[in-house]
Structures are given as structure tokens and as C-alpha cells.
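Chains as they are written, first to last, in the numbering used here: chain W, 1465 to 1801; chain X, 113 to 397.
In case anyone wonders, no lab produced these hints; they're calculated from the structure.
From the three backbone atoms N, C-alpha and C, an ideal C-beta is built for every residue, glycine too.
Take every hint as true, because none was put in to throw you off.
Covered stretches of chain X (in silico footprint by chain W; criterion: 3 or more residues with CB under 8 Å from a CB of chain W, positions within the stretch not fixed): (1) 131–144; (2) 315–321; (3) 349–359.
Covered stretches of chain X, as calculated for chain W (at least 3 residues, CB under 8 Å): (4) 285–292; (5) 295–309.
Below are the chains, spelled out letter by letter.
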Amino acid sequence: MKTITKANMMDAIAILAQDAQVLVPMTVDGISKFSLWGSEGTLAFSAVNTLLPPKDSLFPQTEKMYSYQVENQTITSLDIHNEAKQQIIFGIRPCDMQSIQCMDDVFLTKTFVDDFYRVKREKLITVCIGCNKTAPTCFCESMGGSPAGHGAADIQLCDLGNSYSIVAQTAAGQAVVEKWQGLVRDEEGSVPEVSCTLKVDAQGLPAQLSKMFNHPIWQEVSRKCIGCGTCTYLCPTCYCFDIDVQNNGNEGYRFRCWDSCMFSDYARMAGGHDPRPSKNERIRNRFLHKLEYFNERYGKNLCVGCGRCLTKCPVHVDITLFIDKVKEVSSIESVQL
Amino acid sequence: MNEFTVKMREIARELLEKGEVHMIIGWEKGRFPQQSPPAFITSADQIDRLIWDEYCLAGTAKYLLDDKFEHRKVGLFARGCDSRAINRLVQDGQIDKEKLYIIGICCSGMKDSASNETALKCQECTHPNPVVFDLLIGEPVPESDKPERFKAVEELEKKSADEKYEYWTKQFSKCIRCYACRNICPACNCRECFVEQYRVGWQGKQNNLAENQVFGLTRAYHIGDRCIECGECARACPMDLPLMELNRKLIKDMNQLFGPYKASLDTEDTPPLGKYRLDDIEEFM
Ligand code: SF4
Ligand code: SF4
Ligand code: SF4
Ligand code: SF4
Chain W
1465 MKTITKANMM
1475 DAIAILAQDA
1485 QVLVPMTVDG
1495 ISKFSLWGSE
1505 GTLAFSAVNT
1515 LLPPKDSLFP
1525 QTEKMYSYQV
1535 ENQTITSLDI
1545 HNEAKQQIIF
1555 GIRPCDMQSI
1565 QCMDDVFLTK
1575 TFVDDFYRVK
1585 REKLITVCIG
1595 CNKTAPTCFC
1605 ESMGGSPAGH
1615 GAADIQLCDL
1625 GNSYSIVAQT
1635 AAGQAVVEKW
1645 QGLVRDEEGS
1655 VPEVSCTLKV
1665 DAQGLPAQLS
1675 KMFNHPIWQE
1685 VSRKCIGCGT
1695 CTYLCPTCYC
1705 FDIDVQNNGN
1715 EGYRFRCWDS
1725 CMFSDYARMA
1735 GGHDPRPSKN
1745 ERIRNRFLHK
1755 LEYFNERYGK
1765 NLCVGCGRCL
1775 TKCPVHVDIT
1785 LFIDKVKEVS
1795 SIESVQL
Chain X
113 MNEFTVKMRE
123 IARELLEKGE
133 VHMIIGWEKG
143 RFPQQSPPAF
153 ITSADQIDRL
163 IWDEYCLAGT
173 AKYLLDDKFE
183 HRKVGLFARG
193 CDSRAINRLV
203 QDGQIDKEKL
213 YIIGICCSGM
223 KDSASNETAL
233 KCQECTHPNP
243 VVFDLLIGEP
253 VPESDKPERF
263 KAVEELEKKS
273 ADEKYEYWTK
283 QFSKCIRCYA
293 CRNICPACNC
303 RECFVEQYRV
313 GWQGKQNNLA
323 ENQVFGLTRA
333 YHIGDRCIEC
343 GECARACPMD
353 LPLMELNRKL
363 IKDMNQLFGP
373 YKASLDTEDT
383 PPLGKYRLDD
393 IEEFM
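Pulled out of the complex, with its shape left as it was, chain X reads as follows (with noise of 0.2 Å):
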């Protein structure tokens, strides 16, 4: 047993048994080796379950949704992505702080589950380790800026519009709806999704390029200064559309028009479109 799972288990127990939290969620393993999906545990029998290894790869903060009228505390274990992830819920004035202990968790990445290579999503994380954490585990690991992960937007950026046109229409022609990539989404947190608004209907039902379409870049607009490049969406994601190149040109863009911005590394600052400037530049208007 690694010496985090360790700690996460002494952690946990006493959490629990001090009747500090009602819920600690964290990781445990599934059936086969490269699984290691969320767990949610609620007493002290339980807390051997609990695990740290390279498959860790969902996030733990959206499940407080889940519990979002509850009471109690919840305790959850939060890396870098999943801390800005509380971050993000918080500013969207979803979820109350005060309701939740954190245990940070300095990350050294995950492996992707099929290619056992370090999943994209940790390849380009800026933030390993926790912005906000109650108790830390772990040392912190280097960060760096990582402006490559900006490489495949300046890429198609390259393209002419018919070929990226020809680009988006291939991937959202593969698009099943599913709505993974929503609902694993902490910035997607609406209760009522646009696409769930049948009487307006934003949003019909049948698959085909245009509602595909429609879809994914209303969510990409949706979220765009309020998505914390977790990845998870291009991670949960079944057809493989790189999702997350549609979110970093937005980002790529707010940075050139409105300056540097990383969303949720704190609760404080307003995201660039949210934020009103009386000096605010209108180019456009």
C-alpha cells in the first residue's frame, strides 16, 4: 500500500469517527486494475476501501451536488483540478465552503486507463496541486505554465475556415449525445440544463451534425470563462472529440482580449465576461 493511501485512510478515519464529516469522497478500485472510480464512504468499516494510485482519473467535486441541501459536512479529496473544481462551485454560488473539508492532494498525474500513457488531461495540467485545501498530503510537485497546451488550437488556427469547418463537422458527426461531457462538468452545473428546456426548445432531440453542433458549442460558450481545464469532459467523453481544443481557443482568446486568466484559483475574482469595466474595451460596438 502506498504511503497516500495510507494517510488517506488515517485521515479519513478520524474525520469520520470524530464525527467531523458525514461523507469523505475519495477513490477506490474497481474491477480491473486501470479502474479506480469515485467512492464515497460513510463509516468507519468502510474506510479500507479507500485508495490513491495512477487511476484516479475522475474528479471528486461535482458530487457535492449531489448533497447540495445537506447539512452535514462533506470531506473530499481534492488535487489541484479537483480543488479549483470546489472553486468553481463556489463562485457559482452552488455550494457553501463552510460545508466542505478538504484534503489536498499534491497530484503527479494519472495514467490514461486504455493507453496507460499519462492522460492528456494531466499532461496539460497547469495546477497539480491544491489552490485551497483544509489538510494537505504529499509535497508540492513543480508546476509550470504549460503553453503548449495551447499547441493543437494554434494548429487549427493555421487551417482555413472550409478546413476547420470540414474538422468540427467530422467530430460532431461522431457525436452521440450522451451528455458525458456535461455532466461530469463542474462548470456545467445549471439545475436546469438549456438542453433540457423542451417548451423552449433550444435543443431538439434527434442526432444529427446541426443539433450536435448546437450543442457542443452552446456548452463550450456556456462554460467559457468558468471552465478550469480539468479535461474531464474530453475524458469521459466516448467518441473521442477533442472537447478540450474547443475550450482552450476561447481561453486562448479571453487571454489576448481581457489578459492572463486561469478560472477558479481562487473565489474571489470575477470571470472575464462576468466581470463589468467601465473601461472595458468595445471594439465591437
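Chain W with its partners taken away, still in its complex shape (with noise of 0.2 Å):
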């Protein structure tokens, strides 16, 4: 197999640095998260995944869409603002390469093609690290991923101790790989087998919780939630945003930024309605976006299994234990609500 030791992988990162932003594992002020190799911070290749997930690279949480300047009530100067740098995410881990999927979905497909999205997804390289051990809070085998590594990541690259072996899986990541000529040898060597300790059965959710959405299930889920924007936020594929403009005096831009379910504001329509009034409503939502609707649209869970939300949840409300919870309620009990 073809393989890379640890110490030159870094002179490949910086190859691919002098043409392209490449974003790495780091650890920021005590926070770990995507950041572009050369900035301030440690390196944290060895960590499983990130506390932030690189979600933010392809789907800013505040984007300028476009600016203009007003005079006399005519547009003098209007900028869109969807041009994009070749990014290269150096590190992924196979639930957030998932995580990109997802969004794939939702920005691309199904008769609208998200603009500001595509001209940075184009533009992405994703080189992803498989993980050769887990976070007792990951479960993306059982959301239907690997930890071992993900098809759809141009690179796939698996830690063997001193070296990463390499496989280029698209035309894209041939390309790279060719650009680090002298630094890749071949070597034999078996890639460790890896399993998540947490397991849920996932099975068949989304067709019974399609019948749970009365289910007092979700008074008792809800109960601890606090309604913050923690789990929505850290969530490598929620993709929820809100729209405004920031205007001054005759200029200003219009931008879209990240926006959360779990807020109280978020379905609140003009006349102050609001179809979600309380976090029953909103936990509900957020679950089943989560576990059916997308599903049902695109054919795959919308959530990944990192884990992120049970860790960093201030009190710990848990997607793994709703999942179990579903699963005690009887077949028969939910077809009858």
C-alpha cells in the first residue's frame, strides 16, 4: 500500500499550502476545530474529532451574500459575493465527511442548487483520517457510517502508528497525491480494524417514529433542555440559517448566518405566532428532522453519530438514549397515537 511517515506528511500539507487554504485539526485557546495550517495553535491530528466540527468552511456561521451602495433610490453598486478560494480540509473524520454529504443533499439537490454553497464545495478537497480508536461517545457505525473512513472523501488516509497509508479515491485526490512525489513510498501493512463502543439500533426509526409524532415521548425528552443553540450549533450537520441585512445609512450587505431549531424565536412568524411554542415542540422537531424527515427526503440520517451534542449539551440530553427510548416503545403503542 502506499503510505506517507507522519514527519513528511507535513512537508505534503505545506506542498499543498502554496496553493490552496488547508485547514487542519487544531487546537485553538483550549478549543479544537478546523483551522488553516500555519496559524496559532497546536496540531491535533491525534484527537478523534474536533470539538467544532469544519461544517463553517463550506457553510460560514455569518456570510456576506451581497453588498450594495443606494442613491436616489437606485442601486449604484451591487456585489455578489460567491467566489470561493480551493480549500483543502486535511484531517476530516469520516463522520463529518458524512456530514458534508448531508449538506450536499440539502445545498445541491432537489430542484435548488444553493450558489453560495456550490462555489465552495466545488473548490473542496477533503482528505480524511480514518480513526483508529473512538470517543466512548461516537456511534457513527451505527448511524450507518465507519470510523474506519468514508468513500466520498477525495483522500483517504489511515493512521498506522509511524505513517498514514493513502488512497486516492477520485480524480481530484489523484491529483494531490501526484503532487507529493519523493514523499510517498510503498509499504506493507494492514490497516487497524476499529468499532465504536456506543451502539444504538437504528433500525426501522423512521418509519415508527413517523407514528410517534403525538407521543408523550417527547414531554419526557424535552423536560431537560434548556433551549439553548449548544447541540445545534457544535452539530456538524445542522443546517438551518436566518437572512437580515445590515444596512448603513446608504450602503450595507445582506448575509445569512447560522440559525437554531432549539430556539425559542425560530418558528415565531410575523403576528407572533408560533407553531413551536415550547421545546416539546422544538426537541420534537429537532429529533425528528434528525432521524425521519431526512430520511424520508434524501435517504439517509441527519445525524452522523459524532457525538458532539451529548458531550457538550450543559445537561446532557441525548440523542443515543432517545434512540433507545424509541426503541422500548412498543410498534403497537405508536401506531395507536
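Using the supplied hints, reconstruct the complex from the two chains, each of which is provided in its own coordinate frame.
In C-alpha cells:
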């Protein structure tokens, strides 16, 4: 198999950084996230997944859409900000790779193509590192993934101890590997087997949940929730956004920014009506979107099993415990409701 | 099972069976050993979920707002921090103390789930014993005033204005505006937060340094003399912002200007900034 030593990998990244923005896992001020190669912080390649997912690189928390200038009620300039630089996410984990697939579905398929997302996605190369250890909170396998790697990544690496194995999975990935001439060598080796210790049974969930809209389970699971946005803002797949404008006199810009279905004003309409008036309806929406609606529309879960929400929710609302609970509800009971 | 857990279940059973309360707020085990999130017990068959261990980090009192308009009584377990949070909500006119049954617990401190060391909020806690209760579990533990809890503020005060600015811009650039700090805070009990007043536009939705600072500073000022130092905001923050340093700076200044004050030790005292005194100092006027 093709491999690269860990020391050489730093050179390999430096080569890529010559003509692209390379994002790597780093710990910056105590927070692990994807940061620009060479910026201040400590490299964190050996951590499992980063606290902040790489979502921001395709779907920034705040993104200017267009800027304008107006004079005497006439637009004098209009700038649409839909250009992107070549980006490489180096060291993305399989769960987060799957989250990009989910976002691709949302922003690029089914009738509408979101240009702001598309331009970034087309200029993105993903180098995925398989996990050879999992955190106690990882459950990607139960959600249809695998800690070993992800087939959609341009390049798949696997940690062999002192080196990484390399498999280019797309033409773009192949082109990158060619740039590493002299750094890559051929070596015998085998990829270690890994498995998640946290397992849930997600089989048949969408069908079962579709009958549970009015089930008392929502009351029970939402009781703890304090209605913050931590779970959704740390989630690699949550993609809700709001659009607003920042106007200063005769000029300004329109922007979009993340929103969270857990916020009390998220579903509030003009006139004040709120179809999701309490955390009961909000938690229901979050879980059903992740585990039922998305499956119905795109054939996959909108939860990739990264474990971030269950680690960081201040009151430990745990989607895996929720799945267990749903499984305990007998199918007869859910049909009747 | 520890002694406290046994006691808690006994009390909870009695209260529920007698119909004294319709719900008990306590703690239960989550999936992982270091997680003991809040639990809401409404019937005798759920009582065995209740536990007490060193990971009961989250407060119980803020949840009282969910049942603000409930006519039946709620029972809740309360340590020093929870009991002050109850007082906070009562003082702020949010809840009716008559509708509570407070089971006090003398607390010897919790552990941080990640580091397994004593949680920062407990290291800095001055009132581990409940200040209000109907019933008490355990013997009062020793209390001290912990002047060292102002140490970080004192260190910051030594810095120049530019250094302070640099320090706080670094912190607020990390904020993702998840509002966990606000939502977990017993002093943040406005029905509608300034953050959500879109028509007025006090707080824009963009995530950038300016908006993040507007949020953090406005919140700090807004709870200034009402902060009970429970440390829940800093514990809840996923981005590890040292929010207690902001709160303690305000508390320290108020102690200097208006005399020593600790919020919500009882419900009678008016917070220094809410008090009208004819002989108030007016140096700034
Ligand atoms: S589930 Fe947890 S993280 Fe999510 S909104 Fe509720 S309290 Fe916040
Ligand atoms: S719902 Fe939670 S576990 Fe699932 S992908 Fe989102 S953050 Fe990860
Ligand atoms: S909890 Fe932390 S990250 Fe979230 S809004 Fe508050 S300060 Fe910002
Ligand atoms: S500001 Fe923080 S320490 Fe003060 S009452 Fe609110 S959560 Fe507790």
C-alpha cells in the first residue's frame, strides 16, 4: 500500500498550502477545530473529532451574500459574494465527511442549487483520516458510517502508527497524491480494525417515528432541555440559517447566518404566532428532522453519530438515549397514537 | 447506593405519594458515568431514577420557570447554589415560593465531567449549604468566604487597557452565541431577552466580534447585581469563555462602591443597583 510517514506528511501539507487554504485540526485557545495551516495553535491530528466541526468552511456561521450601494433610491453598485478559494480540509474524520454529504443533499439537490454553497464545495478537497480509536461518545457505525473511513473523501488516510496509508478515491485526490512525489512510498501494512463502543439500534427508526408525532415521549425528553443552541451549533449537519440585512445609511449588505431550531424565536411568524411554542415541539422537531424527515427526503440520517451534542449539551440531552427510548416504545403503542 | 440517594428517594416517595407535590426535580444518571443530568420525577415508579453523586452539576431551580403557571406544588432538591437561584427567581417576581417544596442538600462539591477535578464553580463556591429549605439532607459543611475567587479579576486588573482588550477580544471571538450561558442562568429570567428584540434591533444576528461583545457585555451588566455566583454560565459555555471573570469584576466593583453584598442569600434584600437611597453616593454626577 502507499504510505507516507508522519514527518513527511507535514511537508505534504506544506506543498498543498502553496496554492490552497489548507484547514487542519488544531487546538486554539483550548478549543479544537479546523484552522488554517500555519496559524496559531497546536496541531491536533491525533484527537478523535474536533469540538467544532469543519462545517463552517462550506457553510460559514455568518456569510455575506451581497453588498449594495444606493443613491436617490437607485442601486449604484451590487456585489454578489459568491466566489471561493481552493480549500483543502486535511484530517476530516469519517463522521464529518458524512455530514458534508448531508449538506450536499440539502444545498445541491432536489430542485434548488445554493450558489454560495456550490462555489465552495466545488473548490473543496477532502482528506479524511480514519479513526483508529473512537471516543466513548462516538456512534457513527450505528448511523450508517464507519470509523475506518469514508468513500466520498477525495483521499482516505489511515493512521498506521508512524505513517499513514494513502488511498486516492477521486481524480482530484489522485492529482493531490501526484504532488507528493518523493514523499510517498510503498510499504506492506494493514489497516487496524476499529469499532465504536457506543451502539444504538437505528434500524426502522424513520418508520416508527413517523407514527409518534403525538407521543408523550416528547414531553419526557424535552423536560431537561434549556433551549440553548449548543447541540445545533456544534452539530456537523445542522444547516438552518436566517437571512438578514446590515444597512448603514446608503450602503449595506445582506448576510445569512446560522439559526437554531432550539431557539424560542426560530419558528415565530409575523404577527407573533409560533407553531412550536415550547421546547417540547422544538426537541421533537430536532430529533424528527435528524432521524425521520431527512431519511424520508434524502434516504439517510441527519445525525452522523459524532457525539458532539451529547458531550456538550449542558444538561446532557442525549440523542442515543432518545433512540433507545424510541425502541422501547412498542410498535403497537406508536400506531395507536 | 450512597446515603444521600437513599434519603432523596425516601423523601421523594413520601412527597409524591402524599400528593404534596406533583413533580420532583433532582438528578439521574445519563449514559456515561460522569453525567448526572437533571431528572423530573412525577410518579412513584420513577423514583429509583433519582441519584446523588459527584456529577450533579446542573442546577435545578431554573426549571421552575417552565411551570410558572402551574397551580400544584413542585418539589426540588437544592444545594447552596440552587437555593440562591430559587431566591433569585422569587426576588425577581418570577415564581411563588408558596408553590415550592425545597429539599435542601448540604453539598461537598461536584466534579468536572471532563477533567474529573473539583468543578471550578464548586471550588469558588461560598455557600455550599442551602440558604432556604423546608427539609435538610446532610450536616452543614464548612463554609468560607473564598476571597481567592476574585484572584483572576485582580490579575486582569493589573493589565493595561490594551492588554485587557486583547484578552477579551480573543475570548469573545470564540463565542458561537449558542446562548447556553443565558439559558442556564437563573438571573436571566426575562420573558423576552434583549437578544430577541428584533424589531428594536439591539442585538444583530451576525456572529462577529462586535455582536458577540454586545451580547456578552449586555448580559453581564444586566445580571450585574443579581448574579448569585453559581458559575453555571461558565460551566455551560461550550467554548470555555471565562464568564465568571466578567461577573466577578462587576461584583467586586459593587462591593467596593456599595459595601459587601452577596446576591439572594435571602429574599428581603434589594440588590444594590435596585435600591433607592437618599444618601447614595453620587460621585459621578
Ligand atoms: S438539547 Fe441541550 S444543547 Fe440542545 S438546546 Fe437543549 S439544552 Fe441546549
Ligand atoms: S445530532 Fe449530535 S451526534 Fe448527531 S451529528 Fe449532530 S452533533 Fe453529532
Ligand atoms: S455559552 Fe459561551 S459560546 Fe454560548 S453564547 Fe454564551 S459565551 Fe457564547
Ligand atoms: S451569571 Fe452565571 S454565575 Fe451569575 S447567576 Fe447567571 S449563571 Fe449563575
